[in-house]
Amino acid sequence: MRLVRRVAEWLDQRLQVGRTIRDVMEHPVPRQTASWWYVFGSAALTIFVFQVVTGILLALIYVPSAGEAWNSLQTLNHQVALGWFIRALHGWGSNFMLAIVLIHMAQVFLFGAYKFPRELTWIVGVFLLLFTFGMAFTGQVLRFDQDAYWGLGIGASIASRVPVLGSALVQLLLGGPIIAGATLSRFFALHVFVIPGLLIGFVGLHVLMVLKLGINEWPMPGRIVQRSTYLQEYHALIEKDGIPFVPEAVWKDVLFSGFILLAIAACAILLGPFGPSGQPDPTIIQTAPRPDPFFLWIYALLSFLPPAAETPILLIGPVVAIVILLALPFVAGEGEKSWKRRPIAVLAVLVIAVALGTLTNLGVHTPWSPVMDAWSSEPIPLAYLKGRAPLEYQGALVFQAKQCHNCHSLGGDGGKRGPALDRVALRLTPNQLVRQVIQGGGNMPAYGKNLSPAETTALVKFLETLYPPGNTPARDASRSVVGESGSP
Amino acid sequence: MNSPGESTRRGFLMKVGLLLNGVVGLALSIPILRYVLSPVSSERKSGYDSWLSLGSSARFPAGQTRLATFRNPVVDSWDGETGDIPCWVRNIDGKTFQVFAINCAHLGCPVRWFPQSGLFTCPCHGGAYYQDGARASGPPERGLFEYPYKIEDGKLLIRAGEMPTPGRAANPSKRSAECV
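Residue numbers (the numbering used here), protein chains in the order written: chain A, 3 to 490; chain B, 203 to 382.
Because the hints were derived from the structure by calculation, they are not lab data.
One or more of the hints may lead you astray.
From the structure, some residues in chain B lie toward chain A, with a derived Cβ separation under 10 Å [claimed, not checked]:
id, residue
1, P288
2, S319
3, A330
4, S339
5, P368
Pairwise CB distance ranges (calculated) [what the hints assert, rightly or not]:
id, chain 1, residue 1, chain 2, residue 2, range
6, A, A268, B, S243, 48 to 54 Å
7, A, A61, B, G224, 34 to 40 Å
8, A, G359, B, G356, 54 to 60 Å
9, A, A355, B, G257, 53 to 59 Å
10, B, A260, A, L393, 38 to 44 Å
These numbers were taken from a predicted model, which means no experiment stands behind them.
Note that CB positions come from ideal geometry on N, CA and C, so glycine has one too.
Using the sequences plus the hints, can you model the full thing?
Set out below in structure tokens:
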């Protein structure tokens, strides 16, 4: 023990940091902030360090070359001892980091922590959020598989829509005319050097400001922030009711961080690493690319925007969102901090959370994507075929052979892109069915050129049988006037 | 021991030093910028467009649409399989062809051809195109991208080399002048 003390003294005589460290550890924080609500920031920092460590471990094996990256991931998964586990830790760490950063952001927003004098802390935090998303996207590219390849294509397609500069931006993004070796190399540089460097710098600033300005006090309804008096009030609060950060408050941070690391490890062990999916070979087109979970909401949004509005919203939307986030502490730098008196703030968080959650859920199920093999792998339910006439059977064959099933479901199977056809005969008369099949419309291609008259007749005969028993199918009321046969 | 004269000389040399750093920094920033912007610069771009062979035109029967692949003209030895680019070749009547890029005009996903229904369909957001590449339905705002083609010595050649994207002005419009 004496030896340890002597070594410590020897070191501190030369480093001169002991006092600073003690000051940082023992800096007073308001008693009420020693709360479970204040643990997310430190947990995000812990995961970041964890990601740096696991990232370096992966870099020992990974080859950032378009021709070899996928193979080196296979080696990591199957040859290197516990390589799969390190990959899983890094992948799950990424998901947890994004989740914790978003929770942290919602918490400091609801607690009014962005108000005077912590505006810059919030702004730096907004950049940290963007960098974290940047890490997630570039990391998804380094997992150089089919999803990464076509994900880059999506990125390039979006970048190309920027007016005037679009084409140059695509070249810069891809590092050349196509997605290839240069693309992976530059995303490697971004993921391993550029963004982590920015993150380290900005995290340092972020933490420094938290220490210098003091942690945001627990918001009390009615305790109004004013630029002229806030610093005095905060000082008085610390004097009256301050406790040293270590050990009075820090134990919750330590416990929570430990719990999060445990959760990451548990997910890694139980659920394993992410991919890689198929080889990044563009000639393998039997693929349905899909982004990582935290980008699914964008993927969903892109299928619902009306085509004409898509480009403006894609290009202007992110700018507006970032400007709003950056402007927030200047617009609302004073006033009420407590969420109990800020209904619009609470509502905004709820609306955003529900919107992102709903879009992500849709992104998981992708109802807008055709089921590319439904026509050959999903049979028509037997109930829809029993006791039908030969012409109707023929129509059912047309339904399968012409890939109608890829977009229209029967009995719950098949594509969800178009409406389910289980009750279509209740909605459309035979003539309307013919018109819809031949001319298309309402987001359906026209099949007039690809169906013979006989095929169309058979298909419509089959569709006419699709209604629940006991109901009467739709019919044209004018027919009864002119006579059932259609001729007066 | 700071006499005013000395401090002026130090101050002056300090300014000279800063100026020197600034000038060198500026001078170095030009080659650095050129290096960073090299994918955009025009000298490499000339190689992006080349006539590439898809093999004998007899490989593509009249009235059918088939998948073909070509090696991108600008590749590095470490590009691996990413340098192999697929495209759809439609032989309309034995003499006239259409060569479509694999990339959907919405967000670049690989479209698939369904000969039975005569449609190209995209697995991502469900964009659909007719057999001539025209937009049929879904989110794309335009038809499929087409490569210009010509037939020489019985070989089908296309001019390609750049990944087509919705915003690129360089996209060849329908039926290029080189068509035979």
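Do the hints match the structure? See the list:
no. : hint                         : verdict
1   : P288                         : holds, 5 Å
2   : S319                         : holds, 4 Å
3   : A330                         : holds, 5 Å
4   : S339                         : holds, 5 Å
5   : P368                         : holds, 6 Å
6   : A268/A to S243/B: 48 to 54 Å : holds, 50 Å
7   : A61/A to G224/B: 34 to 40 Å  : holds, 36 Å
8   : G359/A to G356/B: 54 to 60 Å : holds, 58 Å
9   : A355/A to G257/B: 53 to 59 Å : holds, 54 Å
10  : A260/B to L393/A: 38 to 44 Å : holds, 41 Å
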